[in-house]
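K.L.:
Kindly generate the complete structure, drawing on both the sequences and the hints.
FYI, in this note's numbering the residues of the sequence shown are 1 to 423.
No lab work stands behind these hints, which were simulated from the structure alone. These numbers come from a predicted model, not from an experiment. Be careful, since some hints might not be right.
[As the list claims (entries may be wrong)] With a straight-line cut-off of 16 Å between C-alpha atoms, the simulated EDC-like cross-links for lysine to aspartate or glutamate are: (1) Lys213 - Glu232; (2) Lys138 - Asp58; (3) Lys250 - Glu232; (4) Lys91 - Glu104; (5) Lys50 - Glu13; (6) Lys112 - Glu135; (7) Lys138 - Glu174; (8) Lys191 - Asp369.
[Stated by the list, open to error] Label pairs and their calculated CB-CB ranges: (9) Leu287 - Glu113: 45 to 55 Å; (10) Ser252 - Lys115: 54 to 64 Å; (11) Asp229 - Gly338: 39 to 49 Å; (12) Gly346 - Gln188: 15 to 25 Å; (13) Lys115 - Ile305: 48 to 58 Å; (14) Thr12 - Asn52: 10 to 20 Å.
We put the CB at the ideal spot given by N, CA and C, even for glycine.
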Amino acid sequence: MNKEWTMPEGFTEKEAKTEALRCLSCKNPRCETGCPTHMRIKDFIQELKKDNLEGAYDIISSCSDLPYICSIICPHEKQCVGHCVLGIQGKPIHCGNLERYVVENMNKPETKEIKSNKKVAIIGAGPAGISCAKELLKAGCSVEIFEATSYFGGVMTYGIPNYRLDYSRVKRIEEELSSLEAVIHYNQHLKESEIIELKKDFDDVFISIGLTKSKHLGIPNENITGVYDALEYLRAVNLDIKFGEGSRPKLSGTVIVIGAGNVAMDAARCAARDGAKVLVVYRRSRLEAPATKHEIAEAEAEGVIFQFLNAPVEVIGKDKVMGLKVEEMQLGEPDASGRKRPVGTGKYCEISCNSIISAIGQDPEDIYDSKSFKTDYKYLVCDELETNIKGIYAGGDIVLGAKTVVEAMACGRKVAQKILKNE
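P.N.:
What follows is the structure in structure tokens.
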């Protein structure tokens with residue numbers, strides 16, 4: 001169990017070789033269909049078997065712009081590993097660990113091929129924007145990135161704790177883009193009208209601003225002292241741990257985290273590392289939890305307790321949190337998400353606590369001052385990643401909803417391909 005704020009080590013050379021040799025090199029590799037980037041997993045493992053580290057690295061780099069990120073934080077058990085045929089025996093190939101081993105032990109500078117002289121503006125320095133920028137820069141485009149915050153990396157920097165993803169890996173991407181001559185403007189919080197105005201100076205614009213606000217609980221007293229927004233809490237933790245800036249709340253006593261997704265697990269484990277007793281309350285069962293089994297198991301190993309089939313109905317307290325009232329739930333028919341819908345039983349109980357962290361999902365920020373973009377509740381509506389304004393593209397969470405880093409990256413690559421194609 002790792003209770004430090006440092007990331008666990010990856011495979012050793014011996015471990016990587018042993019794992020690679022277990023791969024069956026399937027004729028139709030299911031692992032690749034499970035990857036949002038369709039990583040050529042079989043091919044790079046084949047090169048690894050031949051001790052051709054450079055060849056393996058080249059294959060990985062041809063499929064992914066963030067291999068030293070995604071090899072660590074991807075939900076592998078739902079993607080490549082989860083599709084491995086050896087999983088039937090309970091012993092799937094750990095593709096992510098092999099990818100991590102390759103990129104940690106091989107480093108080649110990115111190179112440019114002058115295929116285009118386009119000038120492109122990218123709004124947001126998160127996974128989708130970074131991936132798009134990298135592909136365009138390698139093709140010879142001039143790229144300027146406009147980032148609302150003071151930091152590069154988006155959710156990879158402010159949303160993912162250092163014990164899961166060391167910031168040095170995000171810094172490595174920033175250095176790559178700098179070597180490719182990207183221009184990054186920080187503290188540029190652009191409204192819709194300002195984004196549209198960029199079209200006067202750029203051939204194309206890509207909006208990749210992500211989801212920056214947490215959903216509201218919609219229950220009484222949710223705004224009293226002691227109730228924290230999970231995204232803001234994680235931002236404060238990360239600014240402190242990674243940069244020594246700001247002042248993160250040191251939560252103590254009993255902390256209730258509402259939700260069971262990726263953000264909820266990160267918030268719960270951060271609070272536990274600060275010494276709090278953490279209880280995760282989730283309205284569905286363990287089976288329906290959005291977080292992976294691995295994430296839940298890691299949280300439990302660090303002392304986090306889970307209380308499933310409980311839905312929050314009221315924050316208890318007048319000026320400060322004293323507890324949470326919950327209703328016991330049972331599962332009904334599947335809803336639009338495909339998961340069984342939680343149905344109230346009419347049985348209630350109160351849980352005493354000192355703090356509550358709300359982590360029930362994210363929403364887009366309202367940037368639409370000129371109301372020119374076609375939107376659906378603040379999400380941009382696109383036709384094949386193109387907005388209703390010619391030359392302005394959008395992708396990542398602002399279009400797709402809350403997804404993973406690798407899905408945002410894949411989206412950014414697709415936008416870059418469309419921009420390069422539409423010469």
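K.L.:
Take the hints in turn and mark each one as holding or not.
P.N.:
Here is what the structure says about each hint:
1. Lys213 - Glu232: Roughly 9 Å between the alpha carbons, so the hint for Lys213 and Glu232 holds.
2. Lys138 - Asp58: With a Cα-Cα distance of about 15 Å, the restraint between Lys138 and Asp58 holds, given a limit of 16 Å.
3. Lys250 - Glu232: holds (13 Å)
4. Lys91 - Glu104: violated (24 Å)
5. Lys50 - Glu13: Holds, because 13 Å separates the two Cα atoms, which is no more than 16 Å.
6. Lys112 - Glu135: Judged against 16 Å, a Cα distance of about 10 Å means the pair holds.
7. Lys138 - Glu174: holds (14 Å)
8. Lys191 - Asp369: With Cα atoms ~7 Å apart, Lys191 and Asp369 stay inside 16 Å; holds.
9. Leu287 - Glu113: 45 to 55 Å: holds (48 Å)
10. Ser252 - Lys115: 54 to 64 Å: The hinted range 54 to 64 Å holds for Ser252 and Lys115, with Cβ atoms some 56 Å apart.
11. Asp229 - Gly338: 39 to 49 Å: Since Asp229 and Gly338 have Cβ atoms about 27 Å apart, the given range 39 to 49 Å is violated.
12. Gly346 - Gln188: 15 to 25 Å: 51 Å Cβ-Cβ, so the 15 to 25 Å window is violated.
13. Lys115 - Ile305: 48 to 58 Å: holds (55 Å)
14. Thr12 - Asn52: 10 to 20 Å: holds (18 Å)
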